[in-house]
Structures are given as structure tokens and as C-alpha cells.
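The listed protein sequences derive, respectively, from chains A and B.
For reference, each letter of the first sequence is one residue, going 42 to 946 in this note's numbering.
For reference, each letter of the second sequence is one residue, going 19 to 309 in this note's numbering.
Think of the hints as simulated: they come from the structure by calculation, not from any bench.
Relax, there's no trap hidden among the hints.
Partial pick of chain B residues on the chain A-facing surface, computed with a CB cut under 10 Å:
no.: 1; residue: A29
no.: 2; residue: T38
no.: 3; residue: R46
no.: 4; residue: R47
no.: 5; residue: V143
no.: 6; residue: V288
no.: 7; residue: A289
Residues from chain A that keep clear of chain B, each with C-beta distances beyond 12 Å, as calculated:
no.: 8; residue: D532
no.: 9; residue: G679
no.: 10; residue: G801
no.: 11; residue: R921
no.: 12; residue: V923
Partial list, derived from the structure: chain B residues whose beta carbon lies under 7 Å from chain A:
no.: 13; residue: G32
no.: 14; residue: Y33
no.: 15; residue: R37
no.: 16; residue: L39
no.: 17; residue: G133
no.: 18; residue: V281
no.: 19; residue: T284
Beta carbons are placed, not taken as given, at the ideal position from N, Cα and C, and that holds for glycine.
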Amino acid sequence: MLARLPARLRRALPVAVAVVVAVTGAVVWVAWPDSPAYTTEDATVTVRSGPNGDEPVDLDTTLYLPADADGPVPAVLMPHGFGGTKQSVAADAKDLAELGYAVLAYTARGFGRSGGQVHLDNPDYEVRDAQRLLDWLAARPEVSKDASNDPKVGVVGGSYGGALALLLAAQDQRVDAIVPMITWNDLSRSFLPQSTGSPEVDGVFKKGWAGYFFSGTQGGDPTCGRFAPDICQAYLGMATTGRATAEAVELLRRSSPAPVLDRIKAPTLLIQGEADSLFPLSEADANAKGIAAAGTPVRVAWFTGGHDGGTGPASDRDRVRFLTAQWLDHYVKGEGDAPSNSFTWSRVAGFNALDRGLVTNGFSVDEYPGLRGTDMREVKVAGPPQIIANPPGGNPAAISTVPGVGALGAAASVAGVAMDLPGQHTHFVSEPLAEAIDVAGAPTVSIRVASPTGEAVVFVKLYDVDPNGTETLPSGLIAPVRLTGLPATIDQAQPVTVTLPAIVRRVEAGHTLRVTVATSDQGYATPAEPNVYTVALGGGALTLPTIAGAEPIATTAALWRWVLAALLAAIALGLVVVVLIARRRHRRTDISVHEEYADTPLVVDHLRKEYADGFVAVSDVHFTVERGQVVGLLGPNGAGKTTTLRVLMGLTQPSGGEIFVFGHRLVPGSPVLSRLGALVEGPGFLPHLNGIDNLKAYWQATGRPLADAHFDEAVEIAGLGDSIHRKVRKYSHGMKQRLAIAQAMLGLPELLVLDEPTDGLDPPQIAEMRRVLKRYATDGRAVLVSSHLLAEVEQTCTHAVVVNKGEIVASGPVDEIVGDSPTVQFDVTDVDAAEAVLDGLAGVRSVAWDGNGGLVVDIDGSPRSEVVAELVRAGVGVNRVVPRRRLEDAFLALVGSETRGSGDR
Amino acid sequence: MTTTATAVDGAATGYRPGRTLTIRSEWRRQASRRRTQLALAFVVLLPLIILAAFQFGGTGDDDNGGGEFSSLVELATSGGLNFTLFTLFVSAGFLLTVVVALFCGDTIASEASWGSLRYLLAVPVPRARLLAVKLVVALAYSAVALLTLAGTALLIGTLRYGWDPLRSTVAADIPAGEGLLRLLGILGYLAIGLLVVAGLAFLLSVSTDAPLGAVGGAVLLFIVSSILDQITALGGLRNLLPTHYSDAWLGILSTPVQSDDIVKGTISAVAYATIFWSLAFWRFTRKDVVS
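Whole structure, please, built from the sequences with the hints as guidance.
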């Protein structure tokens with residue numbers, strides 16, 4: 042079946058099949074539905090909680106179960122962030138379900154379809170809800186257990202959910218491991234930050250974020266939404282006065298892990314964001330210290346996202362995901378080695394030039410160094426004391442971050458939207474850095490402030506300023522400070538050490554660092570009364586923590602580099618192998634000389650050429666060209682003459698048979714081809730060059746010495762006169778033909794092969810060409826001329842080879858071929874009598890008048906002498922007996938008179 | 019005129035396969051062609067046209083739609099380096115593709131269409147050598163075009179706008195000296211990316227006798243690849259497109275240089291070029307030359 046297909050199709054088949062398979066594969070790959078590796082189960086779980094554990098509340102839950110689990114699997118409880126629902130953690134839940142965990146995602150009370158009010162992770166409410174969910178999980182047969190009513194369970198959550206994880210682990214020892222992310226240690230400090238270490242009740246109210254969250258719950262009371270009344274009242278009080286009460290601080294602290302950290306026994310992986318003005322790195326630091334103090338395993342990781350920065354780039358997400366899975370696998374599932382204690386973090390290296398996302402570099406050290414780093418660099422900042430104004434009502438205000446925009450784009454959180462207002466801030470600037478500093482931790486600076494009211498709220502910021510003056514506020518983080526008991530004049534002011542927010546940033550050499558002290562910020566509540574402060578440096582330098590021994594985390598980038606190196610090596614190796622094979626083949630090439638043919642210019646031995654489409658152009662061609670011969674290759678159009686010459690020039694591969702040139706077997710590219718000059722299938726010249734330049738370009742391509750070319754003789758043969766200096770493009774067909782013959786004769790090759798050489802030449806030129814070719818075949822050279830013009834061959838060639846339908850029908854000296862002709866011309870005295878006599882003879886097949894008083898007689902091999910004798914006997918005078926030496930007759934006799942060429946077979 | 023053959027392989031005196039069609043003679047064959055001269059003249063002319071446009075063009079207040087393009091337009095006149103960068107940016111997508119496709123796609127196909135290919139093979143120039151020399155010369159001309167474009171732009175840009183740091187919106191200013199190195203890096207990456215076009219055009223060149231078909235085919239497939247790359251629905255498959263990483267050179271402008279996509283783009287380009295060239299050699303050393 043396959044064999045019957047045309048050869049061309051057969052060869053194209055594998056390619057076609059490969060293309061179809063590739064396209065089909067691609068389509069299937071794109072269109073294939075993702076079969077989930079888990080099943081889900083939605084349920085409304087009613088739990089009883091509250092201070093006495095008797096207040097029912099409905100919780101909207103989804104349980105994700107791995108589809109291919111055999112037997113019970115460990116569980117993960119997934120609370121969500123503030124304002125979210127169980128849907129917010131769906132992607133992470135599916136991810137963990139695929140890793141083989143039963144994941145219970147639920148909507149916390151006060152959100153979504155769950156009932157109840159928001160108590161801000163209150164131990165009596167939200168935390169107790171979660172404890173009841175642990176009971177629920179323990180009752181599920183799909184969940185594996187440590188003991189009765191004690192499921193194997195980890196808690197993974199971010200922000201609001203992260204704090205719940207910490208508080209739950211403190212309150213319920215059934216929790217086996219927790220991964221709190223971007224969450225708080227002390228909620229009162231988060232919303233009432235104070236960078237001098239004073240009590241939170243004096244903190245500066247973070248009104249931007251507080252308002253953002255307060256508006257985050259929908260429905261319920263028009264004022265309080267779904268917030269519990271105590272929380273609502275605390276917020277309203279703070280938001281109205283800008284100051285906190287001790288009760289409010291106490292309330293917020295109830296919702297904080299800080300007081301209960303020593304009760305956490307579940308190994309804790311703390312992941313905190315560097316771009317987080319809500320819960321900065323210091324919160325995770327406090328959690329880590331508190332939990333570690335109780336002897337519980339703690340690991341810390343920082344990534345470039347956060348409440349302002351989002352999830353960070355893919356490299357960060359992958360790292361967080363890996364760390365989480367590793368932590369849960371070991372401490373919950375009981376698989377894998379204990380995670381190392383190393384601390385990993387990443388630093389923004391710049392923007393991705395293509396998609397404008399962040400590019401980060403990951404680093405790792407053996408131990409978590411805390412916010413003070415392992416080393417401290419000091420940078421001198423300087424500037425005179427200055428007077429700055431507090432705007433009435435806190436407006437207009439400087440901008441550092443805008444709560445909630447972090448989700449819109451990571452770029453905004455890094456480039457910053459920072460802006461200071463004139464008259465409301467002052468600078469203290471360093472000299473350009475001599476070398477780059479990799480800051481990782483919380484810098485400190487000392488300032489002095491004087492205020493006529495004895496009180497001041499200022500914001501201290503650290504800018505990285507490049508040599509062009511472009512300033513960047515790393516992650517948009519600032520240090521709010523409320524100072525009380527201040528003197529009215531700066532001379533009496535005492536220095537206060539301000540701990541700036543922890544940052545991860547490389548400050549390049551040549552950049553300057555700038556400490557800015559401002560009186561206002563949109564995100565914070567500042568005193569409403571107008572005031573004027575005097576601000577000066579407190580002495581001492583700006584300290585910048587760094588981490589020694591940071592090892593870059595290998596990324597896939599390194600892998601790709603190896604791939605590239607391997608690819609280049611493979612190509613180089615492949616090239617070497619190909620060259621070696623080619624050399625080997627070349628060495629093994631049969632260069633032996635066929636002794637018998639060593640002095641014969643050309644032996645064509647049973648040549649056969651079948652084209653890819655199955656057409657047999659030459660079926661069996663066999664002839665010899667000896668030195669001194671001018672051989673004509675004669676045949677009708679399509680007889681296979683040109684195909685034979687193509688093989689002879691090494692343009693096509695023969696299907697069978699061989700060609701020897703001076704005894705050397707001829708294959709495409711055989712060096713012996715250099716002893717052969719050819720014109721096949723018309724001239725081929727560079728049209729933009731003139732005749733002589735074309736000849737020179739051709740000779741240059743042979744790489745042979747210029748002296749061997751015999752240009753003058755060739756140019757003379759071409760006979761183009763001055764036209765040789767015209768561009769070939771402008772030549773007539775005949776001129777090109779003559780130039781092509783001249784090119785074939787360059788270097789006076791021992792065998793000259795000319796395909797239809799007189800094509801396009803006029804009669805005098807043809808006559809001249811005849812002389813040239815005859816002369817050329819002297820001195821041991823030989824010429825092979827192919828033609829369909831009989832007269833030309835008859836007059837030019839010493840020998841002829843007649844080809845028809847791909848086969849030789851006659852070969853030998855022209856005389857012989859013509860001599861074989863059985864017709865004879867008789868000039869007789871009496872034509873009629875002669876005709877009568879001849880008609881009567883046995884051997885004579887036909888008799889015809891030739892119109893000049895002669896008869897053309899086909900004597901069919903009878904001896905001419907006998908025919909003459911018969912005529913004389915009959916009294917007919919014979920004037921002349923001429924064998925018909927006309928090649929045309931011979932040709933027609935050999936190939937038959939049908940006009941269809943063999944190409945039409 | 020006696021027998022001149024002496025070599026054991028039967029070659030004529032002075033004939034050595036390794037001496038046929040030298041790189042120099044092929045270089046001269048191509049240098050005399052009008053299309054070579056025009057292509058090279060155009061890459062000299064283009065920076066001058068752009069410069070003239072900046073000089074005489076009004077400061078139109080229509081925005082350029084944002085993105086890299088508008089930022090590069092705004093920065094183009096801020097110095098010679100930026101002018102060069104802009105010139106490269108506007109040429110990288112199409113002009114350089116066409117020029118490289120022209121040099122690499124035309125080289126064999128035009129000889130086939132003139133009929134001179136069979137005479138070169140009958141010299142005989144070994145087929146692998148013919149291809150190798152033609153490829154090297156075509157790549158050399160492509161490199162000359164690329165360097166000429168950048169060199170002219172740098173020269174006239176520096177004369178007109180001065181020797182200033184390389185500015186971009188993706189990162190801080192780069193001092194002029196280092197900026198020049200970055201520019202060379204961008205040129206290098208562009209050259210690597212163009213290897214795909216060179217490979218494709220060369221493969222088509224040995225497969226057809228029509229020079230226009232080889233050049234046009236390569237450009238066409240390149241455009242199709244660029245279009246497919248815009249269709250985000252193709253997802254990860256786009257990474258396999260030869261043009262997917264064509265803009266990765268922007269990463270060279272950032273500090274530190276972002277090389278991830280450049281490495282991937284290099285892998286992609288080198289792999290494609292190797293495949294195309296291997297196919298070209300495989301095909302040409304076996305095919306029947308019937309043109």
C-alpha cells in the first residue's frame with residue numbers, strides 16, 4: 042500500500058505525520074480539561090463559642106479532600122484574611138489538597154455567609170470557633186489523628202488568618218504546626234505604632250489602614266457594620282480623637298498573639314512581607330522571639346510582598362510555597378527531613394524589563410539574625426536644625442503609602458508614591474556612599490525635637506537618593522513618633538533614638554542616604570492644632586544593619602544557564618562528530634583508478650536515473666569517449682541526454698550504473714570533475730557582472746592558479762569583442778551561449794561537455810564553433826556534444842551515440858552509423874527500366890524516385906555489387922552508386938519516426 | 019596542452035577542494051550585487067532619516083500609547099547612546115529581519131535562479147563547503163549591516179546630541195562608558211535573535227529556486243510567529259515561538275542586567291538556528307540540483 046504511493050509523497054509522509062502529531066498534541070495540551078486531584082464538600086458548620094461556649098454561630102466551610110487518598114490524610118485548617126471569605130484561600134487550599142492534605146477552608150464569623158460579628162480574632166470567639174472546627178475535623182473519617190479528638194492538623198493563614206493560627210496554637214495544643222503569614226504580634230502596636238519604644242497608648246493612630254479595614258465589612262449596623270460593639274466603639278473613639286485609650290489598647294491586645302506566645306508549642310513558620318506598612322517585619326520578629334523563647338521550633342522567611350506588595354513575584358511565591366509544604370510535610374504529615382533553621386529573604390533587584398513585574402534575588406543565611414542584622418554599618422548624616430510646621434487638621438499631608446493599592450501593582454509599592462510637603466519636613470543628608478550597602482533590618486537614627494506645646498508627632502523616613510536626585514522611600518515605610526515632655530528650644534532637647542522600619546534594600550555606591558523628618562502623613566492621625574517644631578539631629582550616626590554570609594538562592598536562571606552551556610557544548614560536539622564522520626567517509630571514498638579506463642576521458646557504464654517522482658529519465662546508457670574524439674550525444678527531446686549530462690556534472694545522483702572520468706569513479710563533487718568543462722542546460726552567469734568579470738569570478742571559485750585559466754583563448758572563442766565588458770544581463774541569448782562555451786573551456790579541460798552548444802548561434806558562428814570543437818579535440822582532449830540537431834552532429838562529431846527513450850540505440854563512428862544505412866542512391870541511364878529491374882529483385886524492399894533522375898533504393902543488406910550487376914545485365918547504365926550517407930535517415934531508422942519524445946512516455 | 023592531471027584523486031593541477039570558492043571570492047561575488055549595496059546603504063541612511071525626523075518634526079502632543087516605545091521615543095534625543103538605542107528599537111522588529119532574511123535567503127536561491135549554481139557544483143565546489151562559505155558570508159554581511167546601523171546611529175547621534183549616559187525608564191542612568199558596553203550587549207543579543215531568521219531563510223534558500231520566495235517566506239513565518247506570540251491564550255506554548263524572547267534585550271538596560279530571558283532567548287535562537295541549518299545542510303548535500 043505504502044509502496045504504491047509516489048516516491049515524493051512517500052518521502053513527505055514522515056514530515057507530514059510529524060507535523061500533524063505536533064499540532065494535534067499542542068491542541069490537546071491546550072484544550073485538555075484539568076482533572077482536579079481533589080474533591081470538595083461545602084457545609085455550614087454550626088459551632089458554639091463565646092466566653093461561655095454557648096453562643097451558636099454558623100460557619101460557611103469547604104472541605105477539600107485529595108482524590109487519590111487511600112486512608113485518612115492529615116488536615117490543614119485555612120482561615121482567610123480580613124475582609125475575605127473561604128473563596129479567598131481557594132487557590133492555596135487546592136494546592137495543599139493536591140499535596141495530599143484534607144484542607145478545611147472556612148469563612149470567619151462576621152464575613153461572607155458565616156454568621157456572627159467580627160471580634161478581631163478574639164480568643165473567646167474566632168479562636169474558639171476554630172477549636173470547634175478542629176473537633177469537626179477530628180470527627181471526619183478522612184482525617185488522620187494523633188489521638189481521639191486530636192486530628193493531625195496544621196493551620197496556614199495570612200494576616201487575619203495568620204494571627205488566628207498563632208492564637209489557636211496557643212489556645213489549643215492539638216495544632217501540630219502553623220504557618221502564619223504577614224500577620225501581627227501586637228495589634229495595638231500595629232495600629233498605634235510608636236518608633237521610640239514608648240507605650241502603645243501614646244502611639245500614632247494608623248488611621249489609613251484602620252479606616253480601610255473598618256469599611257471592609259458590609260451589612261449590619263450602619264455605623265459598625267458587622268463589627269462587634271466593643272471593637273466598633275474602640276475604633277470610633279480612636280478615629281475621632283486620634284488618640285487611643287488604655288481600654289482600647291487592652292482590647293486590641295486581647296486579639297494579639299503577643300501575650301500568649303509562650304503557650305505556642307506547634308512548630309511555627311513565620312512568613313512576613315517586606316512591603317507591608319500594616320504589619321511590618323518587626324511583628325514577625327517579635328513573634329519569632331516570643332515563640333523561640335518557649336523552646337518551640339521557629340523559622341522565619343521574608344518575601345518582597347506584603348499588605349502593600351501583594352504576593353510578590355513568582356520566585357518569591359515559589360519559595361513561600363516550598364517552605365510551607367516542607368514545614369507541613371515534616372511537622373504534620375511526618376514526612377521528609379526536619380526543615381533547616383536557615384533564614385531566607387529576597388531583595389528587589391529591579392523591574393522586569395518585559396512585563397514590569399518585580400525581579401528579586403533570594404538569599405539565605407544559617408540563622409535568623411533578627412532586625413539588627415549580624416553587622417552594623419554607620420553612615421554619617423548631617424544638616425542644621427530646622428523649623429517645620431504641623432498643618433492644622435493634618436491637611437495637607439505627606440504621602441508614604443496608600444492602603445490597598447498594593448494589590449494593584451507591586452511597582453507602586455517599590456517605586457513608592459512618597460511625597461513630602463514644603464515647610465513640613467526637613468532633611469539630614471549623608472555623603473555619597475563609597476561602596477554599596479545591603480541593608481537588611483531596622484536602621485536607627487537619633488533626633489532631637491523641640492515644641493512650644495511640649496508635644497510633637499513627627500514621621501521619620503529614610504530615603505535612598507541616586508546621583509540624579511531621584512529619591513526612593515524603600516517600601517514606603519516610615520517611623521511615626523509621638524514625643525511628649527519636649528522643651529521649647531532645641532538646645533535643651535534630649536536625643537531620642539528612632540528605630541526605623543526594617544527594610545531590605547541595596548543602596549548603591551554613589552547614592553546618598555537622606556533622613557527626612559516630616560510633620561504629617563496621610564496614613565496617620567496627627568494633632569489637629571497648628572504647631573511649629575524645631576528638629577535637629579541627635580548626634581551619632583545613622584546605623585544600617587546588614588547580614589553577613591548571605592548566600593544567593595539558586596534560581597531556575599542558573600539552571601537555564603547550564604542548559605545553554607549544555608546546548609552549545611552539544612552543538613560543538615555534534616559539529617565535531619559530523620566533521621569526523623565526513624573525514625572518515627572521505628578517507629574511505631574509493632579513489633582507486635579503474636586501470637582499464639585510466640586513459641579514457643569518459644566511460645558511462647549502464648547509467649540509470651530514476652527521479653523521485655518515479656519517472657525513469659535514463660534507463661540504460663552506456664558509451665565511451667576516447668581521447669581525440671568529438672562525440673555527439675544524439676537523441677530526440679526528452680531522450681535522457683540532459684539527465685545523463687547532469688549526472689556527469691555531479692548535479693544529480695545516479696540510481697544505478699557508474700561513470701568513470703579518466704578511470705576515476707564519478708560522484709557528486711568528485712575532484713576529477715575539475716578536469717571537465719561543461720555547459721549544461723544553458724548558461725548561468727551573475728547578471729550584475731560583465732562577461733570578463735564573470736569568467737574571472739568563475740575561475741576564482743575554482744581556486745586554481747590564474748595562469749592555468751587561459752583567459753585570452755577563452756575570450757577569443759567567445760568572440761564577443763567589446764561586449765565582453767558589458768553586463769551579462771544585457772546579453773542576447775547567443776552571446777550568453779558563447780560566453781558559456783568560453784567558460785567551459787577555461788583551463789582547457791581534458792573533457793569538454795557541451796549541451797546544445799549551437800543553441801542561439803547564427804550560421805557563421807555555428808561553422809566557427811564546429812572548427813573550434815574539432816580543433817579542441819586534438820592534443821589528447823575529448824569533447825562530448827549533446828544535440829538534437831542531426832546535421833550539427835554529422836558535421837562536427839567523429840563519433841555519435843544515439844539515445845532514445847533513455848536507452849542507447851546506436852553508438853560508434855559517425856561514418857559507421859550512417860554506413861549502416863540500407864538505402865542506396867542509383868544514378869542510372871534509364872530510370873523506368875531500372876525501377877522495373879529493381880522491383881523484381883528479391884532483396885529490394887522499396888524503390889523511390891529522388892527527383893533528379895536517380896532512384897533511392899532500400900536494398901535491405903543485399904550487396905550493392907549484386908544489385909549493380911543485375912542492372913547492368915538488364916542493360917541499364919549505372920552512372921553512380923552512392924550509399925545514402927544521411928544521418929537523418931539513420932537516425933529515423935534507429936529511433937523510428939514517431940514524433941513523441943521519450944519524455945512523453 | 020598535455021594531460022594536466024597528476025593528483026591521486028584525479029583532480030586537475032592546482033585544484034584542491036579546500037581552495038574552491040573561498041570566503042573572499044564569495045564576499046566579492048556578493049559585494050558586487052546591487053541588493054547588497056542597497057541594503058547596506060539603507061542601514062546607513064536610516065539613522066539619518068530618523069535624525070532628520072527628530073530635527074524637523076514638530077513636538078506632536080499625541081501620546082504614543084505608553085509602554086517602552088513612548089519612553090524610548092522621549093529619551094531618543096537625550097544622547098548618542100539613546101539615539102542608537104532608539105534606532106535599534108525601531109529596526110529590530112522588521113528592518114533587521116528583512117535585511118538578514120535577504121542576505122541569508124537570497125544567497126543560494128539566486129545562484130540557482132541564475133543557473134550559476136550548477137557551474138559552481140561542477141567546478142567542483144564540494145556542496146558542504148559551498149553552503150558553509152555562503153552561510154558565513156551571508157552572516158558576515160548581516161553582522162556588517164547590524165554594526166553599520168548601530169555605528170552610524172552612534173556617530174551621528176553623538177555628534178548631534180552628545181556623549182551622555184544611557185537613559186531608560188526601566189532603571190537608573192548608565193554612565194556613557196558602561197552604556198556603550200550595554201549597547202554592544204544589546205547588539206549581541208539582537209544578532210543572536212536574528213539567527214533564527216538567518217536559519218529559516220537559509221533553509222528556504224536551499225529548498226527553492228526563487229530568491230523572493232526564500233526571503234519572503236522567512237519574513238512571513240517570522241511575522242506569523244510574532245502574531246501568535248500576541249495571543250496569550252496559547253499560554254506556555256508561546257515560549258516555544260522563535261520570536262517569544264525577541265524583546266528580552268530590554269533586560270540589558272536594567273541594573274543589574276536581567277539575563278534570565280536573555281539566556282532563554284539565546285537557547286531558543288541557537289536551537290532553532292541549529293535545527294534550520296542542519297536541515298539545510300542535510301537537504302542540500304543530498305538533493306538533485308535540477309535548476
